[in-house]
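Undergrad: Sequence:
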Amino acid sequence: MATKENNSMGYQFPYRTLDVDIKDVRIYALICTCQIMYIPSILFGYVGFDCMFVNLSIQVIAQFAILSCKVKTELNYSKNYHEGMKKLVLRHYRLIRLTEELENNFNFPIMQQLMGSTMHICFSGYYVLMV
Numbered sequence: 001m002a003t004k005e006n007n008s009m010g011y012q013f014p015y016r017t018l019d020v021d022i023k024d025v026r027i028y029a030l031i032c033t034c035q036i037m038y039i040p041s042i043l044f045g046y047v048g049f050d051c052m053f054v055n056l057s058i059q060v061i062a063q064f065a066i067l068s069c070k071v072k073t074e075l076n077y078s079k080n081y082h083e084g085m086k087k088l089v090l091r092h093y094r095l096i097r098l099t100e101e102l103e104n105n106f107n108f109p110i111m112q113q114l115m116g117s118t119m120h121i122c123f124s125g126y127y128v129l130m131v
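Take full-length UniProt numbering: the last position of the sequence shown gets the number 131, and nothing is skipped along the way.
Incorrect hints may appear among the rest.
Derived pair list, reagent style DSS-like, types lysine-lysine, alpha-carbon separation capped at 30 Å [what the hints assert, rightly or not]: (1) K87 / K70; (2) K72 / K86; (3) K72 / K87; (4) K70 / K86.
These aren't lab readings, by the way, just hints derived from the structure by calculation.
With the sequences and hints as input, model every part of the structure.
TA: Structure (structure tokens):
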């Protein structure tokens, strides 16, 4: 949004904002700096947490897939599979405990992240439509 017509320099903000009367370059620079900081804060605040949680989820899924392959191998190619199955059952139990621990630790932060992202998208959409 361009500044008022009586301003000969015609400053323009990086993002749409409410009508601000700019009479000083310092005010313009301050508002631009604040607006430019939005991108890194959204990037590190929202995307960083999502990437971390997706990475943890993929790691657990991969561990279960590896365990599944080991169980198939143990059942198909082993004559005395009782010892091997004990180790695989123990590993399965540990993976289940890991998933329960991840669920307990990340339930609230994921809900918080989803609610925050939803509210942010709603407010941004409203702002785009109304301004």
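Undergrad: Taking the hints in turn, state whether each one holds.
TA: Hint check:
no. : hint      : in the structure
1   : K87 / K70 : 10 Å, holds
2   : K72 / K86 : 14 Å, holds
3   : K72 / K87 : 14 Å, holds
4   : K70 / K86 : 12 Å, holds
Every hint, counting from the list given before, is met by this structure.
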